[in-house]
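Chains as they are written, first to last, in the numbering used here: chain G, -1 to 258; chain V, 273 to 449.
Hints are not guaranteed to be accurate.
Unchecked claim - Here are some of the chain G residues that sit facing chain V, going by a computed Cβ distance under 10 Å:
| id | residue |
| --- | --- |
| 1 | 3 |
| 2 | 10 |
| 3 | 17 |
| 4 | 29 |
| 5 | 30 |
| 6 | 175 |
Calculated from the structure, these hints are not laboratory results.
Note that the Cβ used here is the ideal one computed from N, Cα and C, for glycine as well.
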Amino acid sequence: MDDRIDDLIREEARDYNEPPAVPRAAMWERIEMARRSGAPVAAEVVPITTARRGRVAPLVRLGIGVAALLALGIGIGRKIERSESHVSPTVATSPAPRTTPDSAGGAGAPAQPMIGDAGRELASSPSAVRPRGEVPAVLASRTERRPGAEATAYDLALGQHLGQAETFLTLFRSSVRSGRMDPVAFATARQLLSTNRLLLDSRAGAEAGSRQLLQDLELVLAQIAQLGTASDSSDVHIVTDDMDRGDVLPRLRTAVPAGI
Amino acid sequence: MDDRGLITRVLAGDVSAERELYDAHVDRVFRLVYRMAGDLDQAQDYVQETFIRAFGKLADFRGESALATWLGSIAISVTLNGLRKVKRFREREVALEDAAEIGRTTREAEPDLKTRLHGAIDALPPGYRAVFVMHDMEGYTHEEIATSLGVQPGTSKAQLFRARAKLREALADFVTD
Chain G
-1 MDDRIDDLIR
9 EEARDYNEPP
19 AVPRAAMWER
29 IEMARRSGAP
39 VAAEVVPITT
49 ARRGRVAPLV
59 RLGIGVAALL
69 ALGIGIGRKI
79 ERSESHVSPT
89 VATSPAPRTT
99 PDSAGGAGAP
109 AQPMIGDAGR
119 ELASSPSAVR
129 PRGEVPAVLA
139 SRTERRPGAE
149 ATAYDLALGQ
159 HLGQAETFLT
169 LFRSSVRSGR
179 MDPVAFATAR
189 QLLSTNRLLL
199 DSRAGAEAGS
209 RQLLQDLELV
219 LAQIAQLGTA
229 SDSSDVHIVT
239 DDMDRGDVLP
249 RLRTAVPAGI
Chain V
273 MDDRGLITRV
283 LAGDVSAERE
293 LYDAHVDRVF
303 RLVYRMAGDL
313 DQAQDYVQET
323 FIRAFGKLAD
333 FRGESALATW
343 LGSIAISVTL
353 NGLRKVKRFR
363 EREVALEDAA
373 EIGRTTREAE
383 PDLKTRLHGA
393 IDALPPGYRA
403 VFVMHDMEGY
413 THEEIATSLG
423 VQPGTSKAQL
433 FRARAKLREA
443 LADFVTD
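With the sequences and hints as input, model every part of the structure.
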């Protein structure tokens, strides 16, 4: 009986996700381009317009999730900051870390060691697979500076935000490619933009590497947020061109901690 | 030319050899990736990522398995990682225990056996689905699957067994009718 069903399953499963003709030339062109530029091609693209999958709800959840997480992260961070300053005032008198020429971001904030290196690493490293639990350079420098849960709260909020932004931009680019824009994308961009600005104004955006990435991300999100459904394709392509020029997606992938 | 010769030429910087290697293996890689992803955009991206990684790591390829198997392992890793990300975002996957339920609860809405089967395959956990697709649909051996997924051949067989059991369960009342 089981054998009969197995045969039936094999027979009927034959056209499960039946592959179309292989787009050899198109893929090879992009492989060559990516290899020449040394940048990774887009992976894990989630087409926003695939009819058989849900579209609206995840995008709405994305924004809500980001906002909630950010609020939680900042709340925890501030609470801990207050308690640390009350209990341990010596933190403020610790010697300032070495200043680096790249640490221009964060006016008034002391420059951090390794910030320049972390920024360069963020900008240049490929989106290689990072072992689970390994902290990316930008976040690692933050963790070194701030002990304990405070660092964790900010890093968590920043990591989650960058992860959500990466997923959103991947979706956005895919929808541009398929020529069908989802109006929800503009609202999501606005939500992400708000979160991005809050992070830029918080200690999460005090370090040069993070700040640079958040600023570039802000530009892209602002452009998307200003697009309307009536925007013509040239407007949309200006945004995607800006994304490509600034390597925003590869940099986000590099910065997002594994597991987020 | 055999794979070994092709690899040597690629490592020596012969660009035409890269294209030859790609042409020789892209169909099989694409079929597998598309079967898993079920979406052309995603499939193309995963295939591209597979070959970029493969060219980048080719010097590390020691020939312990066939080049096709090695490429398959990269492809399946890239694809599963990508689909995991999609799953987290879309929450479209259902738990293993729900695979059979899909068949039962949607019977009236989806009277077509094929539709129900495809839904049940979609609902399999990614690892089970990978083994089922690779073995029953794309003709990979358990040894190749084991190498690709980094498991023992026995694990591959066990996962195929469980995947089929879940699919049988999903279709049971259909078949007995």
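Here is what the structure says about each hint:
With a cut of 10 Å, the hint placing residue 3 of chain G at the interface with chain V holds, because the nearest CB-to-CB distance is about 5 Å. Against a cut-off of 10 Å between C-beta atoms, the interface hint on residue 10 of chain G holds, since the closest Cβ of chain V lies about 5 Å away. A distance limit of 10 Å between C-beta atoms decides the matter here; for residue 17 of chain G the minimum to chain V is near 4 Å, and the interface restraint holds. For residue 29 of chain G, the interface hint holds, since its Cβ comes within 10 Å of a Cβ in chain V; the closest pair sits about 5 Å apart.
Of the supplied interface hints, the one on residue 30 of chain G holds, with its beta-carbon coming within about 8 Å of a beta-carbon of chain V, less than 10 Å. With its C-beta approaching chain V no nearer than about 7 Å, residue 175 of chain G sits inside the 10 Å limit, and its interface hint holds.
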